[in-house]
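Please assemble the complex out of the two chains, which come individually in their own frames, going by the hints.
Respectively, the protein sequence lines represent chains A and B.
Sequential numbering of the first sequence, starting at 1, is according to the working numbering.
Sequential numbering of the second sequence, starting at 1001, is according to the working numbering.
Keep in mind that the hints are not guaranteed to be accurate.
Here are a few chain B residues that sit away from chain A, every Cβ distance over 10 Å (derived from the structure) [claimed, not checked]:
hint: 1; residue: Gly1075
hint: 2; residue: Ile1145
hint: 3; residue: Leu1246
hint: 4; residue: Leu1251
Derived Cβ-Cβ restraints for the label pairs, each shown as a range [to be verified]:
hint: 5; chain 1: B; residue 1: Phe1074; chain 2: A; residue 2: Gly11; range: 25 to 35 Å
hint: 6; chain 1: B; residue 1: Asp1028; chain 2: A; residue 2: Thr53; range: 40 to 50 Å
hint: 7; chain 1: B; residue 1: His1044; chain 2: A; residue 2: Pro238; range: 54 to 64 Å
hint: 8; chain 1: A; residue 1: Pro205; chain 2: B; residue 2: Tyr1036; range: 53 to 63 Å
hint: 9; chain 1: A; residue 1: Ala96; chain 2: B; residue 2: Asp1028; range: 26 to 36 Å
hint: 10; chain 1: B; residue 1: Tyr1036; chain 2: A; residue 2: Ser218; range: 47 to 57 Å
hint: 11; chain 1: A; residue 1: Lys210; chain 2: B; residue 2: Tyr1036; range: 55 to 65 Å
hint: 12; chain 1: A; residue 1: His368; chain 2: B; residue 2: Asp1028; range: 20 to 30 Å
Derived list of chain A stretches under chain B, where covered just means 3 residues or more per stretch with a C-beta under 8 Å from a C-beta of chain B [what the hints assert, rightly or not]:
hint: 13; stretch: 4–12
hint: 14; stretch: 74–87
hint: 15; stretch: 144–151
hint: 16; stretch: 173–182
hint: 17; stretch: 189–200
hint: 18; stretch: 325–334
Derived from the structure by calculation, the hints contain no laboratory data.
Note that CB positions come from ideal geometry on N, CA and C, so glycine has one too.
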Amino acid sequence: MAILDPLLATGSGDLRVMQALHAGLTRFHPATLQPEPGLATSFTSHQGGRRWTFHLRPDLKWSDGTALTSADVLQSWKRLQSPSTGAPFQSWLADAVFTATSPDTLEVSFPFPHPQFAAMCSSPALSVAPVPFTPDAPTSGPYQLESRKIRDCVRVKKNAHYWNALEVQIPHIDFLTVESQFTALNLFLSGEVHYTPNVPALAIPKLLEKFADAFQPSPQFGTYFIRFNTKKSPFHDPLLRQQFSAAIQRNLLAESVGAGRMPAWSFVPPGIPGYPSASLPSPPQKVIDKKIPTHVEYLYNSSELNRDIAEILQHQWQTNLGISTRLVNQEWKTFLYAQRQGDYQISRSSWIGDYLDPMTFLEIFQSHHPNNRTGWASEEYDGLIREARHATQQDRRFQLLHEAETLLLREAPIAPLLFETSQELVSPKLKGFHRNLRGVVDWSRLTLQEEP
Amino acid sequence: MARGGPFDQERELPTEVLQQLRAQYHLDESILQQYYRSLENLFHGEFGPSFAYRGVSVSDILADALPISLALGFGALLLALLLGLPTGILSAWKKNTKTDASLRTLSSLLLALPNFVLAGLAISLFSFTLEWLPPAGSGGIRHQILPTLCLGLPFAAQIFRLARNEALSALQSAPTRTARAKGLPEAKVLQRHVFPRTLVPIVAFLGPATAGILTGSLVIEQVFALPGLGSHFVQSALNRDYTLSLGITVLYTALLGTLTFFADVLLARLDPRIQSLR
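If we strip away everything but chain B, and leave its shape as in the complex, we get (with noise of 0.2 Å):
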């Protein structure tokens, strides 16, 4: 158990003060019996007070912060497979050329680089050199770019490496070799017997990359000062908001459960390798 309160500061709160607080906060009884509140809340769709929030339920600070993550994490998760899907196709059908090395060296880079990095390079090149962009806030689609992006690229990069590696396969593969010799344009090999396959990989990929693109957005966040979930998550527990910090977790749960398991259906229906095994 983590020690220290909610309440815990500097300046010591006077002791009448304090325990008026407990017992607001319901701190004074068993834990037990708020573990049963607790329960008891959640059954009902609620997670009751903030700590730290004084006089705003969890319920609205998370209502207030989920669009806000969702919109970054599927705007970087969307970038990522736009990017990563084409390019990494690409990369394998032009194999062992320029654009091959160049693709490859970039995709290292940008998996090597942690996202804080990415961020300050972003931040310095679009805010301070060409002041395209502003360097943190939200509010509008321009605030929106610049976490997107660094929140995305490194999961294009990743979503290259497996394209690239299934799509040379796929080109290798005797269905292909025979669509060739049967005169089959380029392109609709590369329609009909790379890009499904490809897909493949990709999708039982995208159940971790949930987990990461949420993980990854607490620090996204916090240099961007977008006011998500995963900032929430890191103070909730430095505060001790038992509440806060419950809510999120939940939350985090049900969406990181939901996710998988349509990646997990999606994957079904495009690998009947899955299917057969039922």
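Isolated chain A (complex conformation) (with noise of 0.2 Å):
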């Protein structure tokens, strides 16, 4: 555990911490992931999401006892906002312009619709955190701190001040950092810990087996896909790119890999209601230019599974297209870097989403988004996505972003490769536990039964 401030924290170990410790406005149902009432009783949205009202519940505590009133939602959202407090969401909030109408009422409005602002609300990042912020301040969540050793462990203690404190089973929650994940699988087989997020993947087909009401792999909202870099040759072709992403087999990669995995047919994965999936088009018909070299280059970085997905693609397009791929492998930072600056041909990517929208996935491939990184640009792209922020009616919006997912897979400046699948370990004995698309847990809702 690194970063213990909801505003700054990215890591999902860190993030998961940060549930326990800080509610937000509204609260996710742990299996279908859309918002409840949390901190507010009720929220409405108006104008398809632009502006909207939440009224806080009477009587709301931080746990040393004092009043959280709406002036408190308002300094936290404020610290987000705020470029110095260095926070990765601010972007969230950064256009946004939010009042207090009284002690328990808030008023939200942005420049266009925000139709998830109610299911954002209840990720860390809009959490209500004291302002200013220390890791040992009064939390507004159903845990508070009680000790904190780096890269040892977090201990968390029920927090009596809690709204919803009378659900709040679990006295206590012991954090613990283990960076290797066999020693977190031996942790686990041992009873020493209730939930472990991965396995090694070494373990897996033996946790199918004999561990199956510990060990069921569910669909995430990530995808896993590559980038080509469009600004170099050979890949500025987007027939080339075509070619590459059509020569993937990717029922027998999801099958290699095993663990649940799923083919992907489209960037967005499945799961967002009333969202049409698109699919890839049908492959391309030329053949391949005499002029296009023999060997390409794959980037990815240093991990069992890339290493395998990476000789799994050398191996299709060797036989499929005939061209051989020389795979590199980088450490995790200098792997960010070389992508960052287009030092690569292809590379190994993946993208999980912050929210159930596919917004979250789409708007990374406009032109100019830092995290485009493929050098291609479309205006027609970018106007689709404009387009769609702006749309008040959610199926116009949703046609919106179909047309633009469809647009970005016939470009080819990516190629999805699979739906990632969570690996999560969760003890039997924990109980109310849901596998959701998003990882994510709801602690405040959990029970443990020492006899099963």
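Okay, here's the thing in structure tokens:
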């Protein structure tokens, strides 16, 4: 656990602790992820999500017993908004205007609709944290910090002043920092821990066979894909990119890497209610130009899974296109630097959505988006995203986003490979646990049964 | 220079935010200015704030991690001495017996096994088969046993070999023969003529052993999820946590220097030949 500030945390481990400590105006349903009342008893949107009104619960309190009002929410959100905070999700509120019309009423307005804002409010970034913030400061969530030992253990204890304290069953939770997945697995198997988010790839077949009650890979809101560098030869040619994408046998790939991963035929993962899935275009007929070099380079960051996938792609491109691929692996930060500098031909990538909406996937391939990193720029695409942002009707919005995704898949600056699955190990003693698309845990709704 | 920076992540930070962060951590200054700043901090015994653990100073991290590493390292060293030295002398004294042969086989085995394999075997035996000890974690004596054992045993094997060789030559030396001829009991012979000589190569080995324990603890700390210096050292480099990795390097250098120095002083006291070189 590196960062214990809900506004700064981005690592999934840190965010899990933040979910226990800091509450938002809404909270997510543990299975469907739909927003439910949290610190706010009710929330309503107007003009397709351009304006939002939240009514706070009466008598809200911080964990030290002092009153929590709409002014505290404003302060916390202003801290997120300010660039000097250094918050990665600063853009969520960058152009928002929010005011407290009474101690328990909040009005938020955006220049264009944010239909997902109520769902976003359940994220740690928009949770209500005291200003100025210290990790020991009072919390608004179901738990408060008891102790922290760096790289060892963060212990939280129940917050008696939480609005829903009656429902909170587990008095203490220890969040352990464990680097090695094997160590985490050992701890789980010996009963020392009840939940671990990842398992070593080697152990998966055994776990599926012997621990089916604890290990059930389930779909995640994330896509494993490859980026093509469209700024450089040879992948400045869309036709070649399409050929490469079409030459990937995704079913075989998914089967080989296993663990329930599904082949991806679109960039946005399935699971968004009402959003029509896009699909990869049919493969181009034109044979590959003679001028194309006989080999290409594939860049990935060192990990067992990434290497396996790289080797399968290498084999499929050799068989289906007759092109040899040189595999280059780099340590994570070096890899990110190379990808950012456009110092690659093809590179391994993945993206995880922040909330259940196609926009969290599609916005990154706008021409000037810092996460684009392919050099691909399309005015038509930018226009569709812009139009979708301003759409007030959800149907229309989804239709525009669907068009944008179809364009993205046709132009192929990227090629989706697989949809991610969760690899959580959950003890059968932990009741009330739901595996959901975002792999988030609502600790306040769990119970621990020592004797199953 | 390693490419990539402490704030690089999959999701790129907004430009404004990134600029603010770079300014907060003085990354917007020239390399020379940054160098001067860290030297200045160093003179005050400070390393500055950690890049990866926001809001936590490097000194605090080191203060938390050092005792854990020291307990692990010294525990392992002590274990190695307590096991290696007596068995080494015993093995030499019982040369070419079954005891000698089995001790030598065991030591070869321990030397050949990398410590992570040893750790795996120990965990599967003590945590899963016998269910005596936790497989990882920190907090109590029970958590310390397995890591200490896995870190210490290979060094015990090394000390065993050194002790055995030296004891063998001591047992065959003229003073020992004379002492035996004069009718000195065997226990006294070992105590007066063999044991002190055996210590010399072992003390000389303590310097390199400390270095070995420091590096060996990287692996052991990872396997047993111990929040010591070793795992910080690796992670700080991967995270580009400049201040923390500098802090640990300085601390490691100081530790290694001090311990080697003490080993040398001790050696001079034990071995009159070294003193006579002055």
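Taking the hints in turn, this is what the structure says about them:
Listed as outside the interface, glycine 1075 of chain B is consistent with that label: its C-beta sits roughly 18 Å from the nearest C-beta of chain A, beyond the 10 Å cut-off. At roughly 15 Å from the closest C-beta of chain A, the C-beta of isoleucine 1145 of chain B stays outside 10 Å, upholding its exclusion from the interface. Against chain A, the non-interface label of leucine 1246 of chain B holds: every CB pair exceeds 10 Å, the least being about 17 Å. Taking the minimum C-beta to C-beta distance to chain A, about 15 Å, the non-interface status of leucine 1251 of chain B holds against the 10 Å cut.
Checking the proposed 25 to 35 Å range against phenylalanine 1074 of chain B and glycine 11 of chain A shows it holds: the Cβ atoms sit about 33 Å from each other. One distance hint, 40 to 50 Å for the beta-carbon pair aspartate 1028 of chain B and threonine 53 of chain A, holds here, with the actual separation near 41 Å. Taking the beta carbon of each, histidine 1044 of chain B and proline 238 of chain A are about 58 Å apart, inside 54 to 64 Å as hinted. Between proline 205 of chain A and tyrosine 1036 of chain B the CB atoms are about 56 Å apart, so this pair conforms to the stated range of 53 to 63 Å.
Taking the beta carbon of each, alanine 96 of chain A and aspartate 1028 of chain B are about 28 Å apart, inside 26 to 36 Å as hinted. One distance hint, 47 to 57 Å for the beta-carbon pair tyrosine 1036 of chain B and serine 218 of chain A, holds here, with the actual separation near 53 Å. Checked against the hint of 55 to 65 Å, the C-beta distance between lysine 210 of chain A and tyrosine 1036 of chain B comes to roughly 59 Å, which is consistent with it. The given range of 20 to 30 Å is respected by histidine 368 of chain A and aspartate 1028 of chain B, whose C-beta atoms sit roughly 23 Å from each other.
Requiring three or more residues with a Cβ within less than 8 Å of a Cβ of chain B, the coverage given for the stretch 4–12 of chain A holds, as 4 such residues are present. With 5 residues bearing a CB less than 8 Å from a CB of chain B, the stretch 74–87 of chain A meets the requirement of three and the coverage assertion stands. A count of 3 residues in the stretch 144–151 of chain A with a Cβ less than 8 Å from any Cβ of chain B is obtained; the coverage claim is therefore met, three being the minimum. A count of 6 residues in the stretch 173–182 of chain A with a Cβ less than 8 Å from any Cβ of chain B is obtained; the coverage claim is therefore met, three being the minimum.
Three residues within the 8 Å Cβ limit are the bar, and the stretch 189–200 of chain A against chain B gives 3, so the coverage statement holds. Coverage of the stretch 325–334 of chain A by chain B holds [criterion: at least 3 residues with CB-CB distance below 8 Å; count 4].
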